[in-house]
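Trainee: Going line by line, the protein sequences match chains F and U.
Under the numbering used here, the first sequence has 165 at position 165, and the numbering climbs by one with no breaks.
Under the numbering used here, the second sequence has 43 at position 43, and the numbering climbs by one with no breaks.
In case anyone wonders, no lab produced these hints; they're calculated from the structure.
Among the hints, a few may not be true.
Just the calculated beta-carbon pair ranges, DEER-fashion [said to hold, decoys possible]:
#1 407/F <-> 247/U: 40 to 50 Å
#2 374/F <-> 34/U: 29 to 39 Å
#3 374/F <-> 71/U: 14 to 24 Å
In silico DSS-like cross-links for lysine-lysine, where the CA-CA straight-line distance does not exceed 27 Å [said to hold, decoys possible]:
#4 230/F <-> 220/F
#5 71/U <-> 405/F
#6 452/F <-> 335/U
Here the structure is a predicted model, which means the values were calculated and not measured.
Quick reminder that beta carbons are idealized off the backbone N, C-alpha and C, glycines included.
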Amino acid sequence: MFNFSLSSVFAVGQRSLGQSFSHGVHPAHHKEQTQDLTIQRVPFVSRYVMPLGQHIGVPAEAVVKVGDVVQRGELIAKPNGFISTAIHSPVTGKITDIGMHRYVDGSFKAAIEITADPYATQQFIGQPIDHSKLTIEQFINEVQMSGIVGMGGAAFPSHVKYSIPDEQQITDLLVNGAECEPYLTNDHRLMVERPEAVLRGCEVLREHLGASRVAIGVEKNKPESISQLKKFLTPDSVIDIVPLEVKYPQGAEKMLIKSIYNKELPAGKLPRDIGIAVNNVGTIVALADYFDQGMPLIERIVTLAGTGVEEPANLIVPIGTPIRDVLDFAGGLKKQTREVIMGGPMMGSPVADLDAPILKGTSGILAFTEQETVRPAEYPCIRCARCLEACPYFLNPSRLALLGKARLYEEMQEKYHVMDCVECGACTYACPSNIPIVQLIRTAKDNLRKAKKVTLNAK
Amino acid sequence: MQNKEPKLLLQSAPMLRQQLTTPAAMKDVWIALLPASCAAIWFFGLSALLILLASIAGAILTEWVFTASEKRRFALSDTSAGLTGLLLGLTLPPGLPLWMAFLGGMVSIGLGKVIWGGLGTNIFNPALLGRAFLLGTFPIAMTTWGAAGGPGDFFQIHSSNLAFPFMQAEVDAMSAATPLGLMKFEQQSTVLWQLFMGNTAGSIGETSSLFLLLGGLYLLLRKSIDWRIPAAIFITAAVFSLIMFLIDGHRYPSPLFTLFAGGLFLGAFFMATDPVTSPLTPKGCWIFGIGIGFLVVLIRLYGGLPEGMLYAVLLMNAATPLIDRYTQPKIFGRKS
């Protein structure tokens with residue numbers, strides 16, 4: 001209470017930069033394991049798998065056939081509609097299969113398999129693009145053909161975010177360098193090692209969106225990122241580097257907007273409805289690389305961490321590399337490893353097949369041993385309200401879990417707004433009874449979505 | 001979804017859990033009750049110890065009997081049944097026949113918890129429900145108070161403690177009036193310092209505000225209980241009784257007396273804060289605590305019994321589902 005009023009009193013101008021959102025949790029961030037490890041490049045391996053549907057939206061459509069020889073960076077699948085994006089070959093080699101391949105969750109998904117040419121130089125094809133001459137339509141088209149998606153984990157095609165309806169005006173570009181997921185340091189290393197690329201990408205995007213200001217939000221546990229970015233800032237820059245409180249989920253879109261602009265994005269609205277465009281710092285660098293070097297999204301930075309990996313690392317990995325090959329490069333998994341996670345420990349997904357490929361949205365591969373993976377027994381809910389204090393959306397997870405167990409999905413939606421949940425998992429982290437709250441919520445949301453589809457079809 | 005890596009687990013996110021577990025939260029309450037329990041045994045001797053053990057045994061045995069055999073170990077592993085027994089025992093007078101304490105423990109768990117569906121499902125605080133049952137069934141035994149002794153009398157057991165099952169207790173020669181009783185029926189106040197330390201007649205665990213405060217502060221520091229509930233109770237009870245005191249200082253006790261006498265501390269820190277039977281939301285906790293503070297003073301001043309904490313908490317327990325329904329948090333990005 002006191003804190004809040006104090007910071008609003010001293011806030012300069014219209015914005016009160018660097019407040020925080022309410023609620024949330026404070027898991028140990030475990031970033032010390034990899035935060036000082038310089039990014040290394042993983043050597044090329046022999047086999048790559050590029051799933052056609054590794055982004056949100058319609059899967060891409062293959063434009064190559066088995067036996068075709070492709071260059072590194074060459075288009076191999078084109079967008080299928082507007083909410084879809086292009087896919088490029090991460091390697092020079094030969095298309096050896098177009099069919100069903102294992103995805104990280106163990107299911108089969110349509111994918112293109114490429115066998116690398118061991119004698120190729122692996123120079124990527126592509127030329128720098130002078131973005132300043134592009135109209136906004138051309139810019140959006142270029143971004144779609146670059147295959148760039150949100151690199152924070154959601155993998156939402158970026159060009160969709162940049163197509164702003166005529167009646168709307170973007171005033172602020174918000175760059176997400178919060179990296180609130182424990183263990184992950186890929187965004188941090190990117191900001192430390194390539195601050196110019198971050199700032200350059202901000203400029204390119206700001207110009208095309210017509211935004212007047214840029215804010216880069218970075219959690220305070222990354223002082224090196226903050227100082228590196230500030231070092232390369234020109235005095236007249238419209239870019240602000242905003243240190244943020246270390247709290248999960250600081251990097252969630254709505255939380256970030258609340259923390260930086262002290263604005264509460266209304267439920268069901270997009271950031272652009274209030275004049276803000278939010279992009280991950282990795283996405284921003286991918287944009288800079290595409291326009292400066294002509295490099296489409298064919299590789300990304302992946303953090304390898306956790307108690308189960310032999311040598312934690314930050315790696316540049318060609319997308320499509322099997323997870324096992326990436327792990328082997330870093331000494332492999334420890335024998336005691338019991339679980340491998342793709343993404344962060346709070347929102348990532350368990351890896352069911354180590355031969356599944358690294359995706360555009362893979363920010364990390366984490367491995368854990370027995371000690372971290374054994375969950376305590378589930379006890380009944382004692383209504384301690386820790387989940388209510390954790391939920392940044394001010395939902396009632398205790399009630400939702402109870403209703404979820406009784407499968408009263410309609411009540412969850414109508415009375416308790418379950419669809420507002422972004423599944424950050426803070427409630428489940430906070431629950432002393434170890435109730436799978438967010439899992440119950442996911443099931444409820446799935447069922448509600450399916451029920452909605454059925455009703456729509458019936459009409 | 002098919003797991004191709006038989007050695008690997010597939011558990012959905014989040015991977016991480018904070019350290020506290022429900023059994024550990026229960027353990028915190030045991031620790032917090034330790035000073036008050038020790039003080040009880042110090043002031044009331046072996047009698048107090050035996051009563052605590054009897055009510056704990058009654059509670060644990062009932063949980064064991066009424067839980068499906070395959071779940072028994074698990075149901076008892078959270079130690080909540082024993083805790084209910086201890087809380088009940090602390091609200092009993094030192095001269096109570098042990099079989100009544102045992103029966104009270106059985107009713108607490110049986111009617112207070114098991115029939116609702118076990119841990120987390122009951123509406124009323126089980127320990128207080130057990131006490132309400134005993135008070136209704138054995139009014140004389142439940143309102144006959146032995147004077148607080150001291151370490152010297154440790155091995156002197158009240159003869160009434162050892163009454164045979166289903167036998168009424170003989171009236172104890174050592175009976176004394178509690179500070180609240182003195183106040184109510186004789187308008188006689190007790191020295192505050194005595195109330196604070198606990199060297200007065202009363203239920204074995206409620207007399208010492210000091211040791212209850214220690215335990216309560218421990219729970220607050222560990223964030224095991226919601227601070228709003230005791231805060232609301234203390235503030236409301238103090239303000240309400242101050243108003244009454246100012247109206248008629250001879251008939252009504254001072255606010256400090258209200259706070260330190262009877263079961264207010266025990267109730268405010270350990271009974272009302274039971275998460276299962278108190279509201280979920282911060283706003284709800286304020287309403288709940290204000291309700292208890294108001295009711296306890298009202299019952300003490302106008303009721304037939306000198307103490308009101310028991311019914312104040314039980315009545316607000318009954319209001320909890322309604323309070324919860326009307327104090328849902330305002331969802332982020334939505335208008336109330």
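Trainee: Each hint needs a verdict: does it hold in this structure or not?
Mentor: Status of the hints after comparison with the structure:
{"no.": "1", "hint": "407/F <-> 247/U: 40 to 50 Å", "result": "violated, 56 Å"}
{"no.": "2", "hint": "374/F <-> 34/U: 29 to 39 Å", "result": "holds, 30 Å"}
{"no.": "3", "hint": "374/F <-> 71/U: 14 to 24 Å", "result": "holds, 21 Å"}
{"no.": "4", "hint": "230/F <-> 220/F", "result": "holds, 14 Å"}
{"no.": "5", "hint": "71/U <-> 405/F", "result": "holds, 19 Å"}
{"no.": "6", "hint": "452/F <-> 335/U", "result": "holds, 24 Å"}
Of the numbered hints stated above, the single one contradicted by the structure is hint 1.
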